[in-house]
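K.L.:
The residues making up each chain are set out below.
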Amino acid sequence: MNNNNQKISLTIDGVEVQGKPGQTILEAAEAAAVYIPRLCWMKNLTAAGSCRVCSVRANGRVQSACTQPIGPGMVVENDTEELRELRRNLIDMLFVEGNHFCMFCEKSGECELQALAYRFGITAPKYPFMFPQRDLDASHPEILVDRNRCILCGRCVRASQELDGKHVFGFVGRGTTKRLAVNAPDNLAQTDAEADDQAVAACPTGSLLVKRVGYAVPVGQRKFDHSPIGSEIENSDVQD
Amino acid sequence: MAKPKVATTSLCGCFGCHMSLLDIDERILELVQLIDFDRSPINDIKSIEGPVDIGLIEGGCCNEENVKVLQDFRKHCKILISVGDCAINGGIPAMRNMVPLEECYEEAFLNGPTVVNPSGKVPDDEEIPLLLDQVYPCHEVVKVDYHLPGCPPSADTLWEALTALLTDRPVELSYELVKYD
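Residue numbers (the numbering used here), protein chains in the order written: chain A, 1 to 240; chain B, 1 to 181.
Hints were generated in silico from the structure; no laboratory data involved. Note that CB positions come from ideal geometry on N, CA and C, so glycine has one too. Do not rely on the hints blindly, as some may be mistaken.
Said to hold, decoys possible - Computed Cβ-Cβ distance ranges for the label pairs, DEER-style:
#	chain 1	residue 1	chain 2	residue 2	range
1	B	I42	A	G121	28 to 36 Å
2	B	D44	A	D13	49 to 57 Å
3	A	T11	B	D145	36 to 44 Å
The shape of chain A in the complex, shown without the other chains:
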């Protein structure tokens, strides 16, 4: 019954936006060249709504923009000091919960977690570092799993299932002991994972890396060296 020509009118930070039925707040905002920060969301994957970085206020209630559908007359707050602080705090927590050594990470400059911290101008986290014990799985001939850098966004889990048609990754444990697991008795080498799997490319951090790529792009030419994450959306044309 959804008519794709039908428009739903809502406002984001006071600006009127026309969305389509079935769109989430994040999708409608993106079509209107409004960037809502996100981490666990990825195009062509089922939204998980787990990282909460895309939290907005929709009609006064905090919702994850990647899962909340738009509605007529909806009033969305996105770029407010309250929400910026909430997002900053979430990013801070992701940094202190893991072991993120950006200075030697191959993903540095292309990492979405780092890029979000840059966008928010974070010079140091406000929370104490946990320095947790995490392990590394280098068993696979072409793929490295470094759980020190894993933020449990689940993008690889969903990409493996939904795009690769495999079930290479999953989560085990809960709370602080939750970790990325592989679908094999011991390690990644025992799975059907391949270097060109979408699941590997889906990792926003340096937790899943293709081996022997190294520091392929020079400093100064990397994705987030000069322009903040999301600026490509903010500079895009408004879609009808």
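Let chain A serve as the given structure and place chain B on it in line with the hints.
P.N.:
Frame of chain A; chain B shown alone:
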């Protein structure tokens, strides 16, 4: 009027951040017009004479001496700045934080593949500062007023922060000056 005083030190760092400070190139001539150095490896003064306007800390705290120096800086510096990733998050030295201290000692002095140590003992001379249980970021030990991330922070980042503070401008780092690598 006396020029503002700047003190610098490297705790558990590699002096790379100090090298980056020297990387401001000819602007260093401008800088010495603006400031006088108190304790710093640049002039080899070993203890703070104080009072100091701006203290620059490179490196985190890995041993008891680092903590004492850092506390001394905090006591004498009006503004204290963590310079570089090691001061801010422990950096490379903090990779030992996931390894029990005893194992670190054994690897370094007893069982490591390149160890030559006929005594078979871990050095325990009282001149050697005791290692802390882990490497701590500076702001987890004393209050730190500003953080300049980077490994090292670029010369432009250091220049921008220093000149802002010395000319009473707010420290506002542009997007390209906040980097973690």
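K.L.:
Next step is simple, just say for each hint if it's right about the structure.
P.N.:
Hints versus structure:
{"no.": "1", "hint": "I42/B to G121/A: 28 to 36 Å", "verdict": "29 Å, holds"}
{"no.": "2", "hint": "D44/B to D13/A: 49 to 57 Å", "verdict": "55 Å, holds"}
{"no.": "3", "hint": "T11/A to D145/B: 36 to 44 Å", "verdict": "40 Å, holds"}
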